[in-house]
Amino acid sequence: MTDLRSLTPDDAQLAAEFALGLLDGNDRAQAAARAGSDPLFAAEVARWRGRLAPMLDEVAPVAPPQMAWEAVDRATAVAAPDAPANDNVADLRRRVRIWRAFSGGATAIAAALALVLLLQPPVSQAPAPAPAPRAQLAPMVASLASDKGEPMLMATWDPVSERLIIAAADDMPAPSGHSHEVWLIPAGGSPMKVAMLPGSARMHMQVPDDIAEQLRRGATLAVSVEPAGGSPTGLPTGPVIASGALETS
Amino acid sequence: MTHCDPVAAGRIVAGGAGVIFPHPRAAGFLFPPAKRWGMNARMDGKATIAASADKEPAELLAAIARGDKAALSRLYRLTASRLYGICLHMLRNEAEAEDALQDIYVTVWRKAALFDSTKASGQTWLGVLARNKAVDRLRRRTLPTAPVEQAEQIADDGPSALDVIEAAEDGARLSHCLDELEERQRGLIRTAFFEGVTYSDLANREDVPLGTMKSWIRRGLMRLRGCLER
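For the record, the sequence lines run as chains A and B.
Per the working numbering, residue 129 is the first one in the first sequence, and the count goes up by one each step.
Per the working numbering, residue 10 is the first one in the second sequence, and the count goes up by one each step.
Taking beta-carbon pairs under 8 Å as the criterion, some of the chain B residues facing chain A (in silico): (1) 102; (2) 118; (3) 231.
The set of hints was computed from the structure by calculation and includes no laboratory data.
Everything numeric in this text was worked out from a predicted model, so none of it was measured.
Yeah, the Cβ is synthetic: ideal placement off N, Cα and C, and Gly gets one too.
Using the sequences and the hints given, assemble the complete structure.
What follows is the structure in structure tokens.
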């Protein structure tokens, strides 16, 4: 190839811009293609990555949530796990089958939920010693649909492990400069913030006690469009794009 | 430019995340002492890392490339706090940072063979991977509704995205060389690095013509390289 020549100052500059991520659209695609085909250019990009990387040392480490490793562990399983599912997980699996069978339009949601089930913790990890059961302990499910009745997300709530899982049927990026926020609407009460919906539109979380309490009673979940980072008022300010009530059975 | 200051940014993360995800388990680590390591601290840290801790990630990555699952688990225990800190700092959302973290280690599992211990330390390679994943997510956030393939294309820097070459003195010199830049240049480079924003984003933010923004940053980058290679 062209290994004997040295990079022109313009190319060296382009390598820096590409490594730092300053380029848009076409410029970026061209630089990426160049890095894939021109070893000299690729090496300068790689050197810039190394030069800039020490900035990352300024960021304070933060302990990740426990369940993050569990998901990695599952996704990188060497052999197929044959651990028996606990009752709730089995019940959710059954629901996935029911969803597949009966709601044609929602197959993608069922598939998304099936994927999310892979993230469930093994039985040994799951239920913290639960307080005396006060209410519903069977998992609950909500289909969050648009106002046209089109199912967009599926939520499952496991009152035993106090986990809430939300998965979108399809990619649903928020409009530029906005985020999707998940709300809980208690019967006859005002909306409570649950979480920001990540860009992947797929999340699982351990819910705080006040939210768990409301979820146990059965509530409506909704997703609204908010300014980036979430509603500034603590209440939904943008349009609700999907909502649905949690149900058992 | 407060958004470039890691101390201020740490505060934003803590406050924002606290409101969004107020579960009790999180409370303990929502307010990390977001410290800015001075040059001395960094040099000390680097020496320690080179001596012991960093040899290990490199060896573990080699073992992972051979399919050693226990090595992945050990690498996670050793490095997850650092990488999660980076994700949280850049994404400012716990759920998304957690997703990114999972994505990082799944990628490590699949692509550890791309790590070359003669070119960079394990910690540096992992840090670059973490930043790549966070930048991908930041970019996807700002995309208008677009077909999946297009989003993938925009997020992808190609197969060489994990090539990293580190000079032995990079860690010690970078903060010194950044300090030599004009404050504005330094701030823009830091913002681009941590917020995954492009020339046009920065030009809009600062309300200057695109050409002006490009020449500010280009001058900064070339000066930075000059200093690093001195």
